[in-house]
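*Asks:* Sequence:
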Amino acid sequence: MLRLVGALGLTCLFFTGCVDPQKRLELAEEAERKRDLDVRIVADVAVFDNTAPLQVHGVGLVTGLQGTGHSPAGYYRGIMEQYLLKNRGPRGGELRNLPNEQSVRKILDNPDNCLVIVKAEIPPGARKGDRFDADVSLPDGSKAISLAGGQLLLTWLRVYQAKSELSARHESSNQLVGGHVLAHAKGPLVVGFGGSVDLHELKRGKVWLGGTSRIHRPYALIMRNDDKSVRIANGVAERINFMYQDDPHSKARHADFTVREKRILLTGAVTKDLNHAHDPTGMSQTDMAKAASKDMINVRVPFAYRFDHGHFLHVASVTPLRASDPKLMTYRKRLKNMLLDPKDTILSARRLEAMGRDSIDLLKPGLQSDHPLVRFASAESLAYLGSTLGVEELAQLPRKHPILARHCTLALANLGESICRQKLGAMLVSDDRALRCAAFHALSLLDEEDPRLGGQFVNEAFWLYRIPGAPSPMVFYSTSKRPQVVLFGRNIQLAKDTRLIVGDYTVVCTKEGDKIQVKRITLGRDPIQPVTCSTRLDDVLAALTDLGATYADVVTFLRLVNDRQYANYPVVSWTVPEVALTTIIQAGREMKNGE
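Number 254 in this note's numbering belongs to position 254 of the sequence shown; there are no gaps in the numbering.
Careful, some of the hints might be misleading.
To be verified - Straight-line distance between alpha carbons at most 20 Å, and here's what the computed EDC-like set of lysine to aspartate or glutamate pairs gives:
id, residue 1, residue 2
1, Lys336, Asp308
2, Lys481, Asp49
3, Lys336, Asp325
4, Lys186, Asp112
5, Lys294, Asp370
6, Lys333, Asp112
7, Lys327, Glu30
8, Lys496, Asp538
9, Lys294, Asp20
10, Lys511, Asp539
11, Lys333, Glu578
12, Lys343, Glu29
13, Lys481, Glu449
14, Lys481, Asp450
15, Lys519, Asp538
16, Lys186, Glu30
17, Lys400, Glu578
Claimed, not checked - Beta-carbon label-pair distances, calculated as ranges:
id, residue 1, residue 2, range
18, Ser573, Arg127, 42 to 48 Å
19, Lys106, Val181, 25 to 31 Å
20, Pro471, Ala580, 27 to 33 Å
21, Val576, Lys34, 35 to 41 Å
Simulated from the structure, these hints should not be mistaken for laboratory data. Here a beta-carbon is modelled for each residue, glycine too, at the ideal position from N, C-alpha and C.
Given the sequences, and given the hints that come with them, work out the whole structure.
*Replies:* Written out as structure tokens, the structure is:
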């Protein structure tokens, strides 16, 4: 036996001696790194869930059609009849008071009205009152021809479930049962984008930002199996409440918070006193987190992260569980060094961010780095900590590295200081057209009425924004969320040979070439006086809406203008592209020092 042990010892010594000294050094450094980072964080005991949208449905009524509607008999019509019988008065968008002799049946049989199915998705992290798009379609058996020009009346949205799934007694039933009202939807329909020849396009539509949540829908932290206890769940909730509060200037995230004050908050004494006002999730208005049970914690997104929920979920996941952990000093020191390494910089910056404003001084050196990704990671985390130190970097980096545009502009918008608005305003007149659009998106999130955007609501049809200072003119329009057209630059005009038919409208340049005449010709309707305007695109858009054009007509017009090259500058539909964190990290490996 002793011989065997001795042989094993000699073998181990032999293999150890064969390891290259450089390799041994690397292994030792990696082991030391793991020891330094061995701090218990939220992700060690829980994982975020409830991150998918919640589908809700309802039966609605569209009015204001031109004889193209239909309300087929059946289950959905029965629901609408009951609704109309109960709601005959105007309560913020329901059916208006009608003469007594006008029955519910007459309302539904009127071809100017149409029975529809409304579907929407309440986004994860939504708060009560948040708005979202709603989709409108026809029920089976409907003979409706078109929903164009319609207005969706107030529609209650619920989660529906098959009766067969609720009880074995109804396993053969195909009837649906609705739950509590979780949202509502109403507003003008946007129908038939692009002038498609597919007639089915006219039988479905959207109500942009027409849905409104009637509930708070927080994210959920699901406790891991080995860490399920009321004590641990409450501890995690209290830690999140302390580190992330709705007031971006809250003293709780400041470095000058005293040890005694921190201890009071960490024991939950303050948050307990604030729990007198609850919503159905059990959270008060000031709670960012609340343990619902030993298995789950409800978590809201704080104000400072309102435009980038994904960033918050990541940072909250790497938040240390104990402020008194003796390993935190070594942990901070290691992260400070890793911050300056491009391959570790983003993850290090977010771990430092998760420790609050105490980390501001540790993030500052990253702003002086030669590597652009290090500067970006440091500046972004500083912004989410409420510091303006990295604002200049966030404004300059997207000009050379477009992949960073979305994250930089959203960080500036979330910070929301006046200097951030100035920087976003400066980006609006950048030579880079994609950066202009990203800056516009961020600034409009922050304040859609910011004077730098030059916004005007045109004839209750769409928002028109004019940004004359842009060096290379272009036209940008949206096809989701919000009806808006943005004119970058000056002197955007239609060509002298412009001749277009857009639904019921014709847009033709006069013989002299200096005017545009817009006409509306609708079968079965009295002729409408045509409108003559200049060849400027904004004047033509206003003329179209003066004659009753919807935003769908405006988009169709803009697409035709671009396809036939009737404008002297590009006309594009653009949305802010989602850029995954892994994509940025990969791109960072190709960035070089000094760029």
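*Asks:* Hints first: check each against the structure and report whether it holds.
*Replies:* So, going through the hints one by one against the coordinates:
{"no.": "1", "hint": "Lys336 - Asp308", "verdict": "violated (25 Å)"}
{"no.": "2", "hint": "Lys481 - Asp49", "verdict": "violated (25 Å)"}
{"no.": "3", "hint": "Lys336 - Asp325", "verdict": "holds (18 Å)"}
{"no.": "4", "hint": "Lys186 - Asp112", "verdict": "holds (17 Å)"}
{"no.": "5", "hint": "Lys294 - Asp370", "verdict": "violated (47 Å)"}
{"no.": "6", "hint": "Lys333 - Asp112", "verdict": "violated (70 Å)"}
{"no.": "7", "hint": "Lys327 - Glu30", "verdict": "holds (17 Å)"}
{"no.": "8", "hint": "Lys496 - Asp538", "verdict": "holds (16 Å)"}
{"no.": "9", "hint": "Lys294 - Asp20", "verdict": "violated (50 Å)"}
{"no.": "10", "hint": "Lys511 - Asp539", "verdict": "holds (18 Å)"}
{"no.": "11", "hint": "Lys333 - Glu578", "verdict": "violated (33 Å)"}
{"no.": "12", "hint": "Lys343 - Glu29", "verdict": "holds (16 Å)"}
{"no.": "13", "hint": "Lys481 - Glu449", "verdict": "holds (16 Å)"}
{"no.": "14", "hint": "Lys481 - Asp450", "verdict": "holds (19 Å)"}
{"no.": "15", "hint": "Lys519 - Asp538", "verdict": "holds (16 Å)"}
{"no.": "16", "hint": "Lys186 - Glu30", "verdict": "violated (58 Å)"}
{"no.": "17", "hint": "Lys400 - Glu578", "verdict": "holds (18 Å)"}
{"no.": "18", "hint": "Ser573 - Arg127: 42 to 48 Å", "verdict": "violated (29 Å)"}
{"no.": "19", "hint": "Lys106 - Val181: 25 to 31 Å", "verdict": "holds (27 Å)"}
{"no.": "20", "hint": "Pro471 - Ala580: 27 to 33 Å", "verdict": "holds (31 Å)"}
{"no.": "21", "hint": "Val576 - Lys34: 35 to 41 Å", "verdict": "holds (38 Å)"}
The structure fails to meet hints 1, 2, 5, 6, 9, 11, 16 and 18 from the earlier list, while all remaining hints are met.
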